[in-house]
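*Asks:* Generate coordinates for the entire structure from the input sequences, incorporating the hints supplied.
So the sequences go chain by chain: A and B.
Here the working numbering is used: the first residue of the first sequence is 1, the next is one more, and so on.
Here the working numbering is used: the first residue of the second sequence is 1, the next is one more, and so on.
Source of the hints: derived by calculation from the structure; they are not laboratory data.
Glycine residues also receive a C-beta, built at the ideal position from the N, C-alpha and C atoms.
One or more hints might be untrue.
Stated by the list, open to error - Straight line, CA to CA, 20 Å or less: simulated PhoX-like cross-link-like pairs of lysine-lysine:
(1) B:K61 with A:K36
(2) B:K101 with A:K41
(3) B:K111 with B:K61
(4) A:K40 with B:K111
(5) B:K49 with B:K68
(6) A:K36 with A:K18
(7) A:K19 with A:K36
(8) A:K22 with A:K41
(9) B:K101 with B:K49
As the list claims (entries may be wrong) - Label-pair restraints from in silico Cβ distances:
(10) B:S70 with A:R54: 35 to 45 Å
(11) B:A114 with A:N57: 41 to 51 Å
(12) B:G62 with A:L27: 40 to 50 Å
(13) A:A39 with B:H82: 34 to 44 Å
(14) B:T55 with A:P61: 40 to 50 Å
(15) A:G3 with B:S80: 27 to 37 Å
(16) A:S59 with B:I9: 17 to 27 Å
(17) B:S80 with A:P69: 42 to 52 Å
(18) B:T30 with A:K18: 40 to 50 Å
Stated by the list, open to error - On the chain B side, residues computed to face chain A include the following (Cβ under 10 Å):
(19) F63
(20) R77
(21) A92
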Amino acid sequence: ETGVTQTPRHLVMGMTNKKSLKCEQHLGHNAMYWYKQSAKKPLELMFVYSLEERVENNSVPSRFSPECPNSSHLFLHLHTLQPEDSALYLCASSRQEAYNEQFFGPGTRLTVL
Amino acid sequence: AQSVTQPDIHITVSEGASLELRCNYSYGATPYLFWYVQSPGQGLQLLLKYFSGDTLVQGIKGFEAEFKRSQSSFNLRKPSVHWSDAAEYFCASPPPSVTYKYIFGTGTRLKVLA
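*Replies:* This is how it looks when you write it as structure tokens:
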């Protein structure tokens with residue numbers, strides 16, 4: 001596989017569930033990102049990892065917990081979510097150096113009931 | 001605050017017509033600017049980017065964009081739109097102080113009439 005992949009593509013969960021989103025990049029990049037895309041809102045940066053260290057945590061609620069075990073994989077662990085967390089969650093990667101373009105995965109469409 | 005603005009939320013054009021999507025930025029220094037496209041149910045794909053040099057930038061799928069410092073703009077253009085261009089288009093730029101933290105515009109949704 002090439003590029004940035006995300007699984008699952010669709011997820012429906014109750015507010016008491018625990019689930020994880022997975023992102024994998026095959027581009028040799030060393031920076032990875034989680035974004036939230038909600039209807040009628042700008043793309044929101046949630047987390048940034050550079051060389052497997054978190055460099056940005058953009059005031060995201062603790063019910064979202066990221067994990068970056070290596071430069072190719074990024075997870076977003078979800079627990080006790082709220083209906084307003086329903087959105088498209090996008091993963092992206094880039095080379096670490098400044099101003100490099102980000103390559104996006106197809107996203108996970110999350111619905112919280 | 002630094003910002004990227006896309007004034008048009010929706011644009012409708014006929015197939016074969018020309019297209020221009022507007023993007024304005026608020027940074028003082030020469031910015032790094034990107035245009036991305038998002039088809040329904042997909043992630044964002046890079047169309048083109050501007051870092052420096054020639055202010056007219058060519059991208060994929062027949063798109064081009066022109067950087068105009070005097071107008072703080074980076075408008076996306078295509079001379080003849082195809083039905084497959086229907087998608088949402090995002091302009092983005094990292095502020096000089098935080099280079100990995102892209103600021104995205106709110107997007108312009110393009111509808112193409114047959």
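*Asks:* Compare the structure with each hint and give your call.
*Replies:* Okay, the hints, checked on the actual structure:
A distance of roughly 27 Å separates the Cα atoms of K61 (chain B) and K36 (chain A); the hinted pair therefore is violated under the 20 Å criterion. Distance restraint check for K101 (chain B) and K41 (chain A): the Cα-Cα separation of roughly 17 Å lies within the 20 Å cut-off, and the hinted pair is therefore satisfied. With a C-alpha separation of about 16 Å, the suggested pair K111 (chain B) and K61 (chain B) falls inside the 20 Å cut-off, and the hint holds. Under the criterion of a C-alpha separation no larger than 20 Å, the hint pairing K40 (chain A) with K111 (chain B) is consistent with the structure, at around 17 Å.
Straight-line distance between C-alpha atoms of K49 (chain B) and K68 (chain B) comes to about 14 Å, which keeps the hinted pair within the 20 Å bound. Proximity of K36 (chain A) to K18 (chain A) is assessed by CA-CA distance (about 18 Å); at most 20 Å being required, the pair is judged to hold. Only pairs whose Cα atoms come within 20 Å are accepted, and K19 (chain A) paired with K36 (chain A) is accepted, the gap being roughly 16 Å. Among the hinted pairs, K22 (chain A) with K41 (chain A) is inconsistent with the structure: their alpha-carbon atoms are about 23 Å apart, more than 20 Å.
Restraint check for K101 (chain B) and K49 (chain B): satisfied, since their Cα atoms lie roughly 16 Å apart, inside the 20 Å limit. In this structure, S70 (chain B) and R54 (chain A) meet the distance hint of 35 to 45 Å, their C-beta atoms being roughly 40 Å apart. A hinted range of 41 to 51 Å holds for the C-beta pair A114 (chain B) and N57 (chain A), which are about 46 Å apart. Distance hint check for G62 (chain B) and L27 (chain A): the Cβ-Cβ separation is about 25 Å, which falls outside the suggested range of 40 to 50 Å.
Range check, A39 (chain A) to H82 (chain B): Cβ separation about 26 Å, and the 34 to 44 Å hint is violated. For the hinted restraint 40 to 50 Å between T55 (chain B) and P61 (chain A), the CB-CB distance of approximately 42 Å keeps it satisfied. At roughly 28 Å, the beta carbons of G3 (chain A) and S80 (chain B) sit within the given window of 27 to 37 Å. The given range of 17 to 27 Å is respected by S59 (chain A) and I9 (chain B), whose C-beta atoms sit roughly 26 Å from each other.
For S80 (chain B) and P69 (chain A), the Cβ-Cβ distance of about 47 Å falls inside the hinted range of 42 to 52 Å, so the restraint holds. Roughly 46 Å separates the CB atoms of T30 (chain B) and K18 (chain A), a value that falls within the hinted 40 to 50 Å. Interface restraint check: F63 (chain B) against chain A, minimum CB-CB distance 15 Å, threshold 10 Å, status violated. For R77 (chain B), the interface hint is violated, since its Cβ never comes within 10 Å of a Cβ in chain A; the closest pair sits about 20 Å apart.
With 10 Å as the threshold, the beta carbon of A92 (chain B) comes within range of chain A, its nearest partner Cβ sitting at about 8 Å, so the hint holds.
The structure is inconsistent with the numbered hints 1, 8, 12, 13, 19, 20, although it conforms to all the rest.
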